[in-house]
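J.: Each chain is listed here by its residues.
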Amino acid sequence: MTVLEESSPPPEPVGPPDDQPVIDVRDLRMRYGSTDVLTGVTFAAHPGEVVALLGPNGAGKTTTIEILEGFRMRSAGEVRVLGVDPARGDERWRARLGVVLQSWRDHAKWRVRELLAHLGSYYLPYSTPQASRPWDVDDLVDAVGLTPHAHKRVNQLSGGQRRRLDVAIGIVGRPELLFLDEPTAGFDPEARREFHDLVHRLADLEQTTILLTTHDLDEAEKLADRILILAGGSIIADGSAEQLARRISAKAEVRWSRHGERFVHSTTDATRFVRDLFRQYGDDLEDLEIRRATLEDTYMALVREVESGRSGTALRELSGADR
Amino acid sequence: MNPMLAAARAGLVRGGIEVRHTLTNAQDLWNYLFPNLIFLVVMFFMRNATVPGTTFSLGARTLPSLLGGGVAFGAMVTMMMTLALEREDGTLLRAKAVPHGMLGYLIGKVVQVAGMTVVSSVVLVVPGMLLVDGLAPGGPVAGLTLLGVVLLGLVACLPLGAIFGSLFENPRNLGVITLPIMGLVAISGIFYPINGFPTWLQWIGQAFPIYWLGLGMRSALLPDELAAAEIGGSWRHLETFGMLGAWAVLGLLIAPVVLRRMARRESGSAVAARREKAMQRTT
Chain A
1 MTVLEESSPP PEPVGPPDDQ PVIDVRDLRM RYGSTDVLTG VTFAAHPGEV
51 VALLGPNGAG KTTTIEILEG FRMRSAGEVR VLGVDPARGD ERWRARLGVV
101 LQSWRDHAKW RVRELLAHLG SYYLPYSTPQ ASRPWDVDDL VDAVGLTPHA
151 HKRVNQLSGG QRRRLDVAIG IVGRPELLFL DEPTAGFDPE ARREFHDLVH
201 RLADLEQTTI LLTTHDLDEA EKLADRILIL AGGSIIADGS AEQLARRISA
251 KAEVRWSRHG ERFVHSTTDA TRFVRDLFRQ YGDDLEDLEI RRATLEDTYM
301 ALVREVESGR SGTALRELSG ADR
Chain B
1 MNPMLAAARA GLVRGGIEVR HTLTNAQDLW NYLFPNLIFL VVMFFMRNAT
51 VPGTTFSLGA RTLPSLLGGG VAFGAMVTMM MTLALEREDG TLLRAKAVPH
101 GMLGYLIGKV VQVAGMTVVS SVVLVVPGML LVDGLAPGGP VAGLTLLGVV
151 LLGLVACLPL GAIFGSLFEN PRNLGVITLP IMGLVAISGI FYPINGFPTW
201 LQWIGQAFPI YWLGLGMRSA LLPDELAAAE IGGSWRHLET FGMLGAWAVL
251 GLLIAPVVLR RMARRESGSA VAARREKAMQ RTT
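If you read the sequences in order, they're chains A and B. Numbering-wise, our numbering puts 303 at position 303 of the first sequence, and it's gapless, one number per residue. Numbering-wise, our numbering puts 216 at position 216 of the second sequence, and it's gapless, one number per residue.
Just so you know, these hints were derived from the structure itself, not from any lab. Backbone N, C-alpha and C define an ideal beta-carbon position, used for all residues, glycine too. Treat the hints with caution; some may be incorrect.
Cβ pair distances, simulated, as ranges [claimed, not checked]: (1) 273/B / 136/A: 56 to 66 Å; (2) 252/B / 78/A: 56 to 66 Å; (3) 185/A / 5/B: 35 to 45 Å; (4) 253/B / 151/A: 40 to 50 Å; (5) 185/A / 27/B: 22 to 32 Å; (6) 78/A / 31/B: 26 to 36 Å; (7) 260/B / 185/A: 40 to 50 Å; (8) 151/A / 5/B: 54 to 64 Å; (9) 254/B / 147/A: 45 to 55 Å; (10) 242/A / 12/B: 22 to 32 Å; (11) 273/B / 285/A: 57 to 67 Å; (12) 151/A / 223/B: 30 to 40 Å; (13) 242/A / 5/B: 49 to 59 Å.
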C-alpha cells in the first residue's frame with residue numbers, strides 16, 4: 001500500500017483498483033461482555049459485486065455491517081473498507097459510502113424532494129469529473145419511483161415508499177459502496193420486486209458495490225452475485241447461489257413403489273441409480289419421484305446444526321469451495 | 001468547495017427549513033403559542049399590582065423578565081428535547097452517515113431553536129406592549145443591550161440544552177431535568193422579584209443564567225429608575241455579561257465532548273433498541 005505524505009494532494013475518490021477488494025475482513029471478532037457474537041468472520045467483496053450476508057436473526061449480521069460502516073468498534077480482527085480501517089474513517093471516506101439502516105422514523109415533517117436535496121448538498125464538495133455528486137434530485141426521485149410522491153411529507157409515505165426513500169438517501173452521494181441492512185423487511189411482494197429491480201439497476205448501471213444483509217434466502221438468491229452464510233459467529237458458506245446449491249444439495253432422495261410397497265433411497269447420483277432401477281425392475285416400477293433438497297432445506301439444516309453447537313461438522317462438510 | 005463549509009451552509013439552510021416546518025404545523029405552533037398566551041393573561045392580571053417599594057406596574061416588570069426567562073427556558077429545554085427525540089427517531093444517525101453531517105445537524109438545530117426562540121419572543125412582546133404600560137424601549141444603547149443579552153444568553157443556554165439532551169437516552173426521562181429548570185425559573189426573579197426571597201435562595205438563583213437573562217432584559221426595556229428595585233440597586237451589566245459569558249464558556253467547553261461521545265455511540269442497533277423499549281412502554 002502506498003503511504004501518502006501529509007502534504008500530498010488527497011487521492012481522487014475513484015475507488016480501489018480492480019484487484020483490491022472494496023471490503024476486506026479478516027478474522028473479525030466481536031464480544032459483548034462475555035458473549036461472543038462474532039468469532040472470526042473472514043470475507044472480501046470486489047468492485048461491482050453484490051454480496052448478501054445471509055443468516056438467522058441474531059447471527060451478528062447487523063453487528064458486522066455496523067462495524068464496516070464505522071458505527072461500531074470491533075473487538076479484534078483486520079477490517080478494510082475502501083482501503084481504510086472503518087474505526088479511523090474520516091469524512092472523505094464517509095462520503096464514498098452509502099448507508100441504509102434498518103427502519104427509520106426520522107425527518108417526518110420533511111418533504112421527500114426537500115430532504116433529498118438537503119442531504120445531497122453535503123456531497124457537493126466530493127463531486128468529480130467522473131462522478132458528479134450529488135445525484136440530481138429529480139433523477140433520483142424518479143429512479144426510486146417516488147416521483148408522484150416527491151412533494152409529500154415523509155410521514156405520509158407507506159412503508160415501502162419510505163424504504164425506497166431510505167435507499168434514495170443512501171445513494172444520493174453516488175457511493176462506491178452501499179450497505180443495505182434488511183432492506184425489504186416488512187415489504188409486500190410487489191414492493192419487494194420493485195426494490196430488487198432498483199438494486200439490480202444500481203449494480204449494473206452505477207457499478208456500485210453492494211453489501212446487504214437479509215434473513216430471506218430467496219432474496220439473497222435473487223439479488224446477490226455471492227452469498228455469505230453467517231451463523232454461529234462466523235461465515236459457514238461463501239459462494240454464488242448455484243455454487244451453494246450444487247455443493248450443499250448434492251444428495252437427492254429417490255422414492256418409488258413396487259407391488260404396492262414403498263421405497264426410499266438417498267443418493268448422490270440419482271440418474272444412475274434410477275437407470276439401474278429400471279434395468280432391474282422395468283415395468284414393476286411405479287410412483288417414481290426424485291427430490292433434490294432445495295437450497296432452502298439445506299440452508300435451514302445447516303443453520304440448525306450450527307446453532308445446536310455442532311458447527312464443526314458443518315464446516316467440514318462445506319470446506320470444499322469455502323475459502 | 002471546502003466540505004466543512006458546505007456542511008455549515010447546509011446546516012444554516014436546514015435550520016431555516018425546520019423553522020418553516022414549525023411555523024406551518026398547527027400542533028407545533030400551538031406548543032409555542034400556548035405558554036405565551038398564559039403569560040399574557042398573567043401579565044394582564046398583574047397590570048395593576050406594583051413592584052414592591054415603587055409605584056411601577058408589576059406587569060410591565062414581568063414582560064422583560066419573561067422574555068429573558070423564555071430565551072433561557074426555550075434554548076435549554078427545546079434543545080434538550082429535540083436532541084433526545086431526534087436521537088431516538090434516527091435523525092442523528094442519519095446525520096452521522098453523511099459527510100460532516102453532525103456539523104450540519106448541530107448548526108441547523110442552533111438556527112432552529114434560536115429562530116423559534118426569537119419568534120416566540122416577538123409573539124410575547126407585541127401583544128404585551130399593548131397590554132401593559134411603562135416599558136421604555138428605544139435608544140441605541142437599549143437596543144444593543146437587548147441584542148447582546150439575547151445573543152449571549154442563547155450562547156450560554158444552547159450548549160447546556162445540548163449537554164442535557166445528550167446525557168439522556170430516553171426522552172421520557174427528561175422530566176428529571178425539566179422540573180429542576182422550572183424550579184430555577186421560579187427562583188430567578190422571572191415572575192416575581194427575588195429580593196423578598198431568603199438570601200440563600202437568592203444566591204442559588206443568581207448562580208444560573210436564567211436570572212441574568214431576566215435582569216439583562218429588564219435593564220434594556222425598563223426605565224432606569226427601576227434599577228433601584230434590583231439586588232444591589234443596579235442593573236449590574238458587568239456581572240450580567242460576566243455570568244452569561246462564564247456559562248457560555250463552560251457550555252462550549254463541555255458540549256463538544258459530550259456531543260462527540262453521544263455521536264460516537266449512535267448506531268442502527270442503538271436506535272432499534274431504543275425504539276423497542278419505547279414500543280414496550282406504549283403497549
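J.: State for each hint whether it applies.
T.: Going through the hints against the structure:
no.	hint	result
1	273/B / 136/A: 56 to 66 Å	violated (37 Å)
2	252/B / 78/A: 56 to 66 Å	violated (39 Å)
3	185/A / 5/B: 35 to 45 Å	holds (38 Å)
4	253/B / 151/A: 40 to 50 Å	holds (43 Å)
5	185/A / 27/B: 22 to 32 Å	holds (30 Å)
6	78/A / 31/B: 26 to 36 Å	violated (51 Å)
7	260/B / 185/A: 40 to 50 Å	violated (31 Å)
8	151/A / 5/B: 54 to 64 Å	violated (29 Å)
9	254/B / 147/A: 45 to 55 Å	holds (46 Å)
10	242/A / 12/B: 22 to 32 Å	violated (53 Å)
11	273/B / 285/A: 57 to 67 Å	holds (59 Å)
12	151/A / 223/B: 30 to 40 Å	violated (52 Å)
13	242/A / 5/B: 49 to 59 Å	holds (50 Å)
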